[in-house]
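K.L.:
Chain residues, written in single-letter form:
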Amino acid sequence: MTDDEGEDRQLRSTALQNVESILAARQRAERELLGAKEALERKTQELQQQREWFAVTLASIGDAVIATDMQGNITLLNRVAEAMTGWSSNEATGQPLGQVFSIINEQSGAPVANPIKTALESGQIVVLANHTALVRRDGTRISIEDSAAPIRNARGELSGAVMVFHDVTRRRRAEDALRHLAAVVEFSEDAIITKTLEGIITSWNSGAERMFGYTTSEVVGKPVTVLIPPDHVDEEPAILARLRRGERIEHYETTRRHKDGTLLDVSLGVSPLKDESGAIVGASKIARDVTQQKRAARALAEETRVLELLNSTGLAIAAQLDLQTLIQTVTDAATQLSGARFGAFFYNTTNQAGAPFELFAVSGATLEAIEKLDLPRISSSFDAPSRGTGIVRSPDITRDSRYGAASPARVSLQGEVTVRSGLALPVVSRSGRVIGGLFLGHPEPDVFTERAERLVAGVAAQAAVAIDNARLYEDAHRELTRRERAEAALRETDRRKDEFLATLAHELRNPLAPIRQAATISKAAGATEAQKRWSHDVINRQVHHMALLIDDLLDISRITRGTLELRTEMTELTAVVDAAVETARPFIDAKRHQLSIEIPEQPVHFAADSLRLAQVLANLLTNAAKYTDPHGQIRLRATRGDGTITISVSDTGIGIPADALPLVFQMFSQVKAHQERSEGGLGIGLALARGVVELHGGTIEVKSGGTGQGSEFIVTLPARALGAARQPARKQSKAVSNMGRRILIADDNEDAARSLAILLELDGHSVTVVNDGRAALEAFHAAQPEVLVLDIGMPELNGYDIARQVRQSSLGRAVTLIAVTGWGQDTDKVRALAAGFNHHFTKPVEPERLSAVLRSDNPGN
Amino acid sequence: MQLIEALRAGVNGSEQSLEALYDHATEDTVRRFEATGSPVITDGEQRKYHNFWTYGVEGDPNASPDGFRIPFAAGHVRRMPRLNAGPFRYQRYADSYLDHARRFTQAPLKQAIISPSALSLLYPAEGLPDYPRETFIEDLLAEHVSEVRRCLAKGAYKVQIDFTEGRLALKVDPSGALLESFIDLNNLALGRLTPAERAKMGVHTCPGGDRDSTHSADVDYAELLPSLFKLDVGSFYLALAGERDRIRVLEIIRGVMKPGQRVFVGVVTPIDPRIETSEDVRDRVLEAARYIPLEQLGTTDDCGFAPFCDDISTTRETAFAKIRVRVLGTLAAERVLGAG
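Residue numbers (numbering that gives the first Met the number 0), protein chains in the order written: chain G, 0 to 860; chain P, 0 to 339.
These are calculated hints, taken from the structure and not from any lab test. What you are looking at is a predicted structure, and each value in this text was computed from that prediction instead of being measured. Honestly, I wouldn't trust all of these hints.
Taking lysine-lysine pairs in the DSBU-like style, the calculated list, with each CA pair at most 35 Å apart, reads [to be verified]:
#1 Lys116/G / Lys42/G
#2 Lys257/P / Lys36/G
#3 Lys42/G / Lys229/P
#4 Lys257/P / Lys42/G
If we take Cβ atoms under 10 Å as the criterion, some of the chain G residues that face chain P in the derived model are [unchecked claim]:
#5 Asp7
#6 Gln9
#7 Leu10
#8 Arg11
#9 Ser12
#10 Thr13
#11 Leu15
#12 Gln16
#13 Val18
#14 Glu19
#15 Ser20
#16 Ile21
#17 Leu22
#18 Ala23
#19 Ala24
#20 Arg27
Yeah, the Cβ is synthetic: ideal placement off N, Cα and C, and Gly gets one too.
Only chain G is shown next, with the shape it has when bound in the complex (with noise of 0.2 Å):
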């Protein structure tokens, strides 16, 4: 065997004795790794087990976790995770910690420190800021909570860390919904408390201790009673029953007292606390203070009331006319707009004496508890009012300086009525006058604010004006009804003279029959001279009949227009009796009547007109002859008073019924029911005798107990002496002359100019007729007489016009003209002498006036 052969054997030998040591040793690493593996499959069993208990964890503890390793780059993302951050496990494994899972300030904005990268520097755990949120993969955010803590291996080194966090933004809302349901809580202004069922209040809110004044120490624990006033604390119990039975309370008004003691309006909402297994353990309330609610609510009831009773009020008084109902509604409305116990309205009016006012009317009270009060002693100390000067308002009369001394006692009132306090309110109109007052009283003090005030001055405008519209209109009212009665008057008048006319026509006619009559007899070729003196003598007694007719118009028509002059003189009584039966005496006698005549015995001297006096009781004694059945009593009784003479004429005739009383003296008046009986007559005579006695200053007056029971009349004269009444005019004697004239008369009317003319002729003047104004002028000129009697109504030249030619030529400023016409009053005299006449004589004329005239030696003047 060579060296290498042995070398080769021992190398072969040294190696395979090695071979079964290193089999040995493999084996024993075999079994070691076999051990290892089966320890290695236990523990990969127990970790498989712990990483599937693990990942169910992971997945079901509801929490995103993220690890890392040491580079921070992350192994291990849940599935809770890769719902919030938006990463799949696998897209984000290996990557950067931040790229996966961002997060900044809520609040900010700004990045936030990444939690496990400080963990890992730090390696201690790591909180999450508060108010961190997730940027989502999609660039969304999610509030977040998280810790991060870092991971050591078995031998305490660190290999990563992790972090574990879950979406708060649920939570976040909560806390901040339950912060500000705190803070709600705490700031409300509602009281929000919480009690036991037993009534112990348990929490007490800020808003609670402002409404109720207790602080939180001062309530807790105490029972909630105390805040019930005594009349109240009946609400508790059945409060509690029914949060027992689980109710809720809703809006359930009530008073609660404040630790101070005032009471206040409270609105509750009572609900019940329940644990958590539902039982009911408490109650939440919430008391809102609805006392300025409430106050608010009833001062816009008032004010609705207010207005609408204003608006009612304004309506009903603008379209009322009647003053009594207007401030009967006025005085209503005051007394309720200012919550007065009463209400007085004052009219003001002068024509009541003593008080100020007069009471119109009353609201609240009887007229008569009104009427006990001592208005004129309340009115006077509220003056300025009455007089329309400003608003008085006291808010205790009984302590008010302006009520003067009147003790409060005074001011009290028997029966229902007092006053203490007052309000008066003038209502004055448009043109400023005052109206009337306003006065409203209440028996407490401090009653009338302000306020009421204003809307009672509001009504008080309201009323002054409705009240002038309704013055107005009564004015108007009155004014329409006077007018109407004016005219019916006026109708009345004319009826009246239609009827007078007629009268007037039958008396003018009556006497014109016997005087045609008496003329053709005197005419007649066979008249013996005593049928042609009886022809006279019916002739002039018509003539004269017809003349005191027209006496009598003209002393109605001068007695209407007051120019009828008395001739006054100191006139015997008895006289002007006698004068007066004297003319009646043939009416009396007539028909038989008795007439008693009393005066006195004592000659009773007086002032007075004694022909007048005698015509008026002519007139009564003619007037109860008239009406008078035959064999009548006719009395004539005179008396002398004090100061007065009084003289009645009374009869048995047929009376005056009660409603043509007030008529007999008036003008045209006859009654009818007289008519049918008239006696004739103009129907002027009582309303001349009326006219005659006031002119004296007496008085007539008429009784009847009416149709039938006969009448009287009484005439009331003042028994004056002469100095206290007019003198008489006395004439003036003037000289006559015998001396006949030239006299020319022209009248159309031929008969009255022949028949003047014939008189004149037979006077001794020497008379030329013309029959118009033209003729008048030409015989004017042709015969230049003295005198010129014209009448004024003739065809193309009046009278007028004629005295004005006249006048104005050389031979007609020395003549005497001389008017006669049928116009006769006295403007027609003025007229007449401005035309140039001297004098002016009425038709018919009286032939001796005219003679009287022409026989003086300057008929002109």
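Given the coordinates of chain G, assemble chain P onto it according to the supplied hints.
P.N.:
Chain P only, in chain G's frame:
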């Protein structure tokens, strides 16, 4: 050569002057290596005093130099130390070489270490009375794992296990049982490492080049490679340039390699004094690329240029020229393949 001479002079040289020579040699090596453009360099194992195999146990008082001998084809043998007593402990760890080399470069450094299976041959066949073989194996594994981790801790870009005894095992035991035993032993050591640590581990095998000769070039790769690829490492550095039938070897590699494993094929032959051209290298790469996916393919030298301290068969110039050619040829191949 100064260092070799000094070492040959041996014992009477001062430690200080020897250290200077080591430094110089190391610096020169890394500078030149960097100049070749190689992305990963080594220190040329300048401080492995005598050889790549026994550097760790040199000076072990429990060992004697009369261990078994390894016969080479050129006719010379290398005698290994023999363990005389326990416990077995490394006298030095390869990480100390990294400390030195790092002083001269920042380039990625690959550190070669001897395999546990090679060192298992130190234990005598007859055993040691107070130190059972099982204990030795355990100590061996522990020391190996310590060396690996120390190197990794010092920043080694790769730690390469020299497994030249693979073919030798088949040569010694054609049944393959020894080879399987070596594989098992090495895997026992690798099994104690973490996967990350193992990912930085590589294994080198070759017929054993020494004085331009091999100890087991006659052993067919076909018998070795299936077992070799059972080693639980990430990278395989396989001598290929010197193989007579590279295609056959490549086909075998393609048949046994697993996904995730990288295969660095030798494209220059240290024991061949001729300096290959870059085209040679390019062509060898292109050739290999037909069998090995590009992402799993890399190039290397067939073996170290001076595995034993007295080997002066290959000059530094030749060695670096070959390395340069490897780099250039590989780049040329990359351009052809569109990789890089």
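K.L.:
All the hints need checking, so say for each whether the structure fits it.
P.N.:
Here is how each hint holds up against the structure:
1. Pair hint Lys116/G plus Lys42/G holds up; C-alpha atoms about 31 Å apart against a cutoff of 35 Å.
2. Distance restraint check for Lys257/P and Lys36/G: the Cα-Cα separation of roughly 23 Å lies within the 35 Å cut-off, and the hinted pair is therefore satisfied.
3. For the hint linking Lys42/G to Lys229/P, the alpha-carbon distance of about 27 Å falls within 35 Å, and the restraint holds.
4. The straight-line distance between the Cα atoms of Lys257/P and Lys42/G is roughly 29 Å, inside the 35 Å bound, and the hint therefore holds.
5. At its closest, the beta carbon of Asp7/G sits 7 Å from a beta carbon of chain P; the interface hint therefore holds under the 10 Å criterion.
6. Annotation: interface hint on Gln9/G holds; nearest CB of chain P at approximately 5 Å, less than 10 Å.
7. Taking 10 Å as the C-beta cut-off, the interface hint given for Leu10/G holds, the closest approach to chain P being about 4 Å.
8. Here the hint on Arg11/G is kept, as its CB sits about 5 Å from the closest CB of chain P, short of 10 Å.
9. Interface hint status for Ser12/G: upheld, as the beta-carbon distance to the closest one in chain P is roughly 4 Å, under 10 Å.
10. A cut of 10 Å between beta carbons decides the hint on Thr13/G: the least distance to chain P is about 4 Å, and the hint holds.
11. Taking 10 Å as the C-beta contact cut-off toward chain P, the hint placing Leu15/G at the interface holds, the least distance being around 6 Å.
12. Annotation: Gln16/G was flagged as interfacial toward chain P, and the flag holds, the nearest CB pair being 5 Å apart, inside 10 Å.
13. Checking Val18/G against chain P: minimum C-beta separation of about 4 Å stays under 10 Å; hint holds.
14. Annotation: interface hint on Glu19/G holds; nearest CB of chain P at approximately 8 Å, less than 10 Å.
15. Contact between Ser20/G and chain P, as hinted, is supported at the beta carbon level, the nearest pair being about 4 Å apart and thus within 10 Å.
16. Because the smallest distance between the Cβ of Ile21/G and any Cβ of chain P comes to about 5 Å, under 10 Å, the interface hint for this residue holds.
17. A hinted interface residue such as Leu22/G counts as satisfied when its beta carbon comes closer than 10 Å to some beta carbon of chain P; here the least separation is about 7 Å, so the hint holds.
18. The interface hint given for Ala23/G holds, since its Cβ lies 6 Å from the closest Cβ of chain P, which is under the 10 Å cut-off.
19. A hinted interface residue such as Ala24/G counts as satisfied when its beta carbon comes closer than 10 Å to some beta carbon of chain P; here the least separation is about 5 Å, so the hint holds.
20. For the restraint placing Arg27/G at the interface with chain P, the shortest Cβ-Cβ distance is roughly 8 Å, inside the 10 Å limit, so the hint holds.
The structure is consistent with each of the numbered hints, conforming to all of them.
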